[in-house]
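Asks: As they're listed, the protein sequences go chains G and B.
Quick note on our numbering: the first sequence kicks off at 11 and runs consecutively.
Quick note on our numbering: the second sequence kicks off at 4 and runs consecutively.
Since the hints were derived computationally from the structure, they do not count as laboratory data.
Backbone N, C-alpha and C define an ideal beta-carbon position, used for all residues, glycine too.
Just to be clear, a hint being listed does not mean it is correct.
To give a feel for the contact side, a few chain B residues facing chain G, derived at Cβ under 7 Å [stated by the list, open to error]:
| id | residue |
| --- | --- |
| 1 | THR35 |
| 2 | ALA52 |
| 3 | SER76 |
| 4 | MET81 |
| 5 | TRP82 |
| 6 | ALA87 |
What the simulated footprint calls covered on chain G by chain B, stretch by stretch (three residues with Cβ under 8 Å from a Cβ of chain B suffice, anywhere in the stretch; the number is not a length) [claimed, not checked]:
| id | stretch |
| --- | --- |
| 7 | 20-32 |
| 8 | 46-53 |
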Amino acid sequence: MNSVVKYEADTEKSICAEHIEKLLKDSTDIYGAIVASVDGFEIASQVRDDMSSRKLSAISSSLLALAVAVCSEGGVGECRDMVIDASEGRVFLMDIPSRKKLLLMVLCGNVAMLGKVFWSARNARESMSKDLEAHHTGG
Amino acid sequence: MAKEYKLIFTGTMGVGKTTAISVISEFVPVRTEVASSEKLSDDKTTTTAAMDYGEVMLPGGDVLRLYGTPGQSRFDFMWKILSAGALGVVLLVDNRRPDPVADFRDYLQAFRDIVEGSKAVVGICRQDSHPLPDVEAFCVAADEMGLDVPIIAVDVRSRDDVLLLVDILFHEIEAAECDSSSETVVMNTTSMRFA
Numbered sequence: 011m012n013s014v015v016k017y018e019a020d021t022e023k024s025i026c027a028e029h030i031e032k033l034l035k036d037s038t039d040i041y042g043a044i045v046a047s048v049d050g051f052e053i054a055s056q057v058r059d060d061m062s063s064r065k066l067s068a069i070s071s072s073l074l075a076l077a078v079a080v081c082s083e084g085g086v087g088e089c090r091d092m093v094i095d096a097s098e099g100r101v102f103l104m105d106i107p108s109r110k111k112l113l114l115m116v117l118c119g120n121v122a123m124l125g126k127v128f129w130s131a132r133n134a135r136e137s138m139s140k141d142l143e144a145h146h147t148g149g
Numbered sequence: 004m005a006k007e008y009k010l011i012f013t014g015t016m017g018v019g020k021t022t023a024i025s026v027i028s029e030f031v032p033v034r035t036e037v038a039s040s041e042k043l044s045d046d047k048t049t050t051t052a053a054m055d056y057g058e059v060m061l062p063g064g065d066v067l068r069l070y071g072t073p074g075q076s077r078f079d080f081m082w083k084i085l086s087a088g089a090l091g092v093v094l095l096v097d098n099r100r101p102d103p104v105a106d107f108r109d110y111l112q113a114f115r116d117i118v119e120g121s122k123a124v125v126g127i128c129r130q131d132s133h134p135l136p137d138v139e140a141f142c143v144a145a146d147e148m149g150l151d152v153p154i155i156a157v158d159v160r161s162r163d164d165v166l167l168l169v170d171i172l173f174h175e176i177e178a179a180e181c182d183s184s185s186e187t188v189v190m191n192t193t194s195m196r197f198a
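The shape of chain G in the complex, shown without the other chains:
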């Protein structure tokens, strides 16, 4: 990797890391979040020590890709978000529109208000997208 590309990757990583930190700070029900490339490489994350962010990045990538395929086959248009309702919590998956398409995965416990967490995650996605775009265009 040459120095310019590495600098851009580092900046992209720090932008994502800042937004993840803010998301977890503002929404106490959220206990983990990951930003990854759509092909499963971790960009930035905050998850519990007993979790593998690398593995979760790859799995999230597959899940989102399957959701896109299901939406396409099911004729329901473009996939926007994915919510997994589990016995002890929820998982939110969504893409982050930017020059290099990324994905955001958010983990929260089942005490969380679905709407509030969803709203927070979407806000994080939007602001991250704007900051990444500004970075890419030199704004």
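Following the hints, complete the assembly by docking chain B onto the known chain G.
Replies: Only chain B this time, still in chain G's reference frame:
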């Protein structure tokens, strides 16, 4: 009553799993292609993140369900998910890569449960431009692992070549079923001939 058979296409990233399924599937396969962060080649910028899915109708109404795996080992959880209930595996090896025999060993090991039941076939890709290692080298490697698996050179862009792989696989599956002396042979080879 028509039966359905699940087959897995696996191999390294960019070897041609999606292409192989595309050339024999009755419909445009379901794909989960995403932009690749890694440099693959000038004409390939995407990679499979979850799976490909296609189908082949056999004479008699039986259906082959074809599942393509992602190539990268970070997606190995998908290999396990897709392998569940699979009858056989088609392993594609890319001879352009730095160590194709090592790739071959890695994938045979990953799919060992299926391969050990003699339910596998291996296609060596791009031997026309990269003749080495030759088929014999792969046979030796399989031998060293104690595995007996048919290995042929193929061009996955060719429908005939991919159908040949599937045909060989069915012979393997049928032979394995006979060897295991199950009460009924699950397939009739003659019904597996492709139109």
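Asks: Report the numbers of all earlier hints that the structure fails to satisfy, in ascending order.
Replies: Structure breaks hints 3, 5, 6 and 7.
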